[in-house]
Amino acid sequence: MAMDTTETTADGPILEVRDLKMYFPIRKGLLKRTVGHVHAVDGVNFTIQRGETLGLVGESGCGKSTVGRLLLRLYAPTAGEALFEGRDLMAMQTDELNRARRHIQIIFQDPFASLNPRFRVKELVGEAYRLHTGDKDWVAYVADLLGKVGLQADHMNRYPHEFSGGQRQRIGIARALALQPRLIIADEPVSALDVSVQAQVVNLLDSLKAEFGFSFLFISHDLSVVEHIADRVAVMYLGEIVETASDRNLYQDPLHPYTQALIAAVPKAEAGAKRRRKEVVRGDVPSPINPPSGCRFHTRCPRAFARCRSERPRMREEKPDHWVACHLYDEAEHG
Amino acid sequence: MAETPILEVTGLKTHFHTPEGVVRAVDGVDFTLMPGRTLGILGESGSGKSVTALSVMRLVADPPGRIVDGRIMFEGRDLLALSPAEMRKIRGGEISMIFQEPMTSLNPVYTLGDQIAEVFQIHEGMNREQAWAGATDMLEQVGIPNPESRVDDYPHQFSGGMRQRAMIAMAIACRSRLLIADEPTTALDVTIQAQILDLLLKLQEDMGMAMMLITHDLGVIAETSDDVVVMYAGEVVERLGIDTLFDDPRHPYTRGLLNSIPRLGEKFTRGKQPLEEIPGTVPNLIDYDPGCPFAARCGQAMARCHTERPPLFKLNPAHYSKCWLSEADAEGRAGVAAAG
Amino acid sequence: MVDTTANGGIEPERQDKQAGRAPIWLLVLRKAWQLRMGVFGFLLLAILVAMALFSPLIATHDPYAQDILARLELPGFLGGTSDHWLGTDQLGRDLYSRIVYGARVSLMIGVSAVVVSAVIGIVLGLLAGYFGGWIDSLVDFSVNAMLAFPFILLAMTLVIILGASAENVILALGISNWPIFARVTRIETRKLREQEYVLAALAQGLGHLRVIFKHIFANLAAPLLVIATVEIARSIIRETFLSFLGLGIQPPTPSWGVMLAEGRAYVLTVWWLSTLPGAAIFLAALGINLVGDALRDLLDPRLRKG
Chain A
2 MAMDTTETTA DGPILEVRDL KMYFPIRKGL LKRTVGHVHA VDGVNFTIQR
52 GETLGLVGES GCGKSTVGRL LLRLYAPTAG EALFEGRDLM AMQTDELNRA
102 RRHIQIIFQD PFASLNPRFR VKELVGEAYR LHTGDKDWVA YVADLLGKVG
152 LQADHMNRYP HEFSGGQRQR IGIARALALQ PRLIIADEPV SALDVSVQAQ
202 VVNLLDSLKA EFGFSFLFIS HDLSVVEHIA DRVAVMYLGE IVETASDRNL
252 YQDPLHPYTQ ALIAAVPKAE AGAKRRRKEV VRGDVPSPIN PPSGCRFHTR
302 CPRAFARCRS ERPRMREEKP DHWVACHLYD EAEHG
Chain B
5 MAETPILEVT GLKTHFHTPE GVVRAVDGVD FTLMPGRTLG ILGESGSGKS
55 VTALSVMRLV ADPPGRIVDG RIMFEGRDLL ALSPAEMRKI RGGEISMIFQ
105 EPMTSLNPVY TLGDQIAEVF QIHEGMNREQ AWAGATDMLE QVGIPNPESR
155 VDDYPHQFSG GMRQRAMIAM AIACRSRLLI ADEPTTALDV TIQAQILDLL
205 LKLQEDMGMA MMLITHDLGV IAETSDDVVV MYAGEVVERL GIDTLFDDPR
255 HPYTRGLLNS IPRLGEKFTR GKQPLEEIPG TVPNLIDYDP GCPFAARCGQ
305 AMARCHTERP PLFKLNPAHY SKCWLSEADA EGRAGVAAAG
Chain C
401 MVDTTANGGI EPERQDKQAG RAPIWLLVLR KAWQLRMGVF GFLLLAILVA
451 MALFSPLIAT HDPYAQDILA RLELPGFLGG TSDHWLGTDQ LGRDLYSRIV
501 YGARVSLMIG VSAVVVSAVI GIVLGLLAGY FGGWIDSLVD FSVNAMLAFP
551 FILLAMTLVI ILGASAENVI LALGISNWPI FARVTRIETR KLREQEYVLA
601 ALAQGLGHLR VIFKHIFANL AAPLLVIATV EIARSIIRET FLSFLGLGIQ
651 PPTPSWGVML AEGRAYVLTV WWLSTLPGAA IFLAALGINL VGDALRDLLD
701 PRLRKG
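As you go down the protein sequences, you meet chains A, B and C in turn.
Per the working numbering, the first sequence starts with residue 2, numbered consecutively.
Per the working numbering, the second sequence starts with residue 5, numbered consecutively.
Per the working numbering, the third sequence starts with residue 401, numbered consecutively.
Please keep in mind that the hints were generated in silico from the structure rather than gathered at the bench.
Quick caveat: nothing in here was measured; it's all calculated off a predicted structure.
It is possible that some hints are incorrect.
One side of the interface only, derived from the structure: several residues of chain A facing chain B at Cβ under 7 Å [to be verified]:
#1 Ser61
#2 Arg249
#3 Ala272
#4 Ala274
#5 Asp285
By construction, the Cβ of each residue, glycine as well, lies at the ideal position given by its N, Cα and C atoms.
Between the sequences and the hints, there should be enough to build the whole structure, so can you do that?
Rendered as structure tokens:
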């Protein structure tokens, strides 16, 4: 372990995202003219405290994965700031960005697509570490890391295709840990795995977090896994965060109708679930190219009223540290 | 039992011949499905659950696959003994199937109306106008808004959830008596998944059809099924009623699966605990092992488990387990019990 | 079956939907045939390379030595009795030895020309596919413009401007042929750039050049090698064509194209003077193409055993 971690600033949140926006242009025709935009992320705010795990949940197309990739500046954002230990990632120049990226690492969903098939495990895990530190003993370092993620040191001379899906995800985790990052972004890290292997990886992430003490942004569509792993949860819908609260408050006392619908829609793996099925939220998720006016959920919301169609609700702290963007909680109407 | 099963599968084996060897994708599957009920087939990837479904439809590509043994009785007829022409009449007419990815199961160059109307023309001998009216009617039944105009749309003009509805419309067009649904909601978001499951259950009730629902998701099983078959490495390891699945599962694999998934609310009632892990990975299906296929990953494996394959023990008429641990409680074995 | 550690990625659940319609015995026969053609190709290539590398050992005579008294000797298979077993040409030079030395010229020019076009094409293709934007538009336009131009006309024009010599033939062939490499590299790079493992490399703070030339190029090497092999065969044929027209290798250097041109005058009487170098060209091109096909099969991960 020869990583330099001296530049840590002691206090304040590790990450503060302010009004982040990402509009992807849609180009058409011979001249590739921009004919519209996909509003993938549209004004997102959240904060991750040091050592905290923030779960970011939402359905496909809600923009949660785009948020993760934006934080690594794999895309150029349309607008907004992301302060990592006080410095804005979105404003950094190449050199500064490359230095910052060491401290923020990502684990991808697909363990088959995220490992370069032409590289040995040794290089996959150790390359960036070797380049950034110049450590001569990098092979021993890699061996040590492989042990920590539940692989064997002699795996390091093999290629990714020699491993199972679960083992590949462990390699991806070792790669993310190699630079001893202070923030790890995991984008659906267990969704592609078999049920019987998911638990292994969830437990591994939990124990590594305890050992290494990194902060964690856990992006997933799976509400049960997020509940299990997160301290706080943010719910995204069509490019916006509609509710943020501690894990317990969000799941036990969801305020936003969308959060309530999401939780109700999760199939319950318990006896009698079939007899207890409830009415679920209707309709499809509207297109992010022309998102609905006002509150974006109003087209599907069972409790929508006139204001929801015209006015975009603002985030408010409805209960202590429980934030929600919904007109149901506007003071005048509903106290 | 008084009622006769609509589908009875015994000793089904479907193997694939590949350059690397024989893949025993399905290697000894038995189950029965009663009319109007839902049978959930639970398994991970590689468990053989999809090949089982394709075998019932006789849609396994040959080569490389081949049904090498077993019997598939559908309403008293042995499907494996039918001629290809007779089987074609059954497919889409009496048994229909929907798949995980509706985009690849709908033909992109025809409108939905064309595709549904075709089913009516082939199986019901309707003329074009009748078939077209029937298609519009089906789209309405599966909850697609504005069916009169959507009937002229092409599959790519529909969202994922709407495509799955259209696929269901096609499948139930001829009021088939058995619907096989292979991971019908796996590609869908959770709110859309709930809508599709609702739709399937409602249609089943209206039409009285039996359903075979294949999934890896215990939650989906819990919310839809009456009876459950748990598959592992090409074999049925446990057969039981849905309530027994959660109250008294016997096979260590079934128990492992139940304990390895996080459940909503559990963390707040019991405190955060690590999930129970099933160590190792799914075995490959080429190297035939004389013992129990789960023995290598099983925490309760005994010496016998590694050398001798357990039979399907009958614990009671509705509960079977393929595990030596169940031998002491067993009334008999599946093969013997089935005769009586 | 996600977990296919040891069995080569067999996926029974999906296989049945993708399986082809051909019966298995036909597939087996086809595979065996392909393998045998590959072996044949490698054999031809090995002979070609051996002839090029060890020309002085394999040749029986000095390819430049003229013997006016022994002009147009009959080859052995036509009843000739001299020590020139493939006979001699119009200047009395040993035909066999000239063919052997011709292999050296052909292979050298074929390989060098491909190296030139591959280097230009791959670098431009990587940069265009990776960075996109104006550089992509520029490369794309140049590729299309050059592909719209008849290849041999382009090469001929270049040789005429540069002057006929071995180096200039290489340069001309290389410069006219880079769009083939650029096009494939550009398209593949665009796909690879979106791969998560490339994003992962970027996310680790690695620089663009390293990501391009190490991470992306590693995944391009196999398909490009196959293309390069086939292009070598085509370059050999193109060289003989240029030489035949007098725009390539100049006599008395023993090039197959030159020999073909020189033998042309005697084609009705001393037909083997042009036919034998022609056969050499044909076999060389055939051998290299068969090797290319075999490489394609061997390097295709879908056909390769895990």
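Evaluated hints:
For Ser61 (chain A), the interface hint holds, since its Cβ comes within 7 Å of a Cβ in chain B; the closest pair sits about 6 Å apart. Checking Arg249 (chain A) against chain B by beta carbon gives a least distance of about 6 Å; that is within 7 Å, so the hint holds. Interface hint at Ala272 (chain A): satisfied, since its Cβ lies 4 Å from the closest Cβ of chain B, which is below the 7 Å cut-off. At its closest, the beta carbon of Ala274 (chain A) sits 4 Å from a beta carbon of chain B; the interface hint therefore holds under the 7 Å criterion.
Because the smallest distance between the Cβ of Asp285 (chain A) and any Cβ of chain B comes to about 5 Å, under 7 Å, the interface hint for this residue holds.
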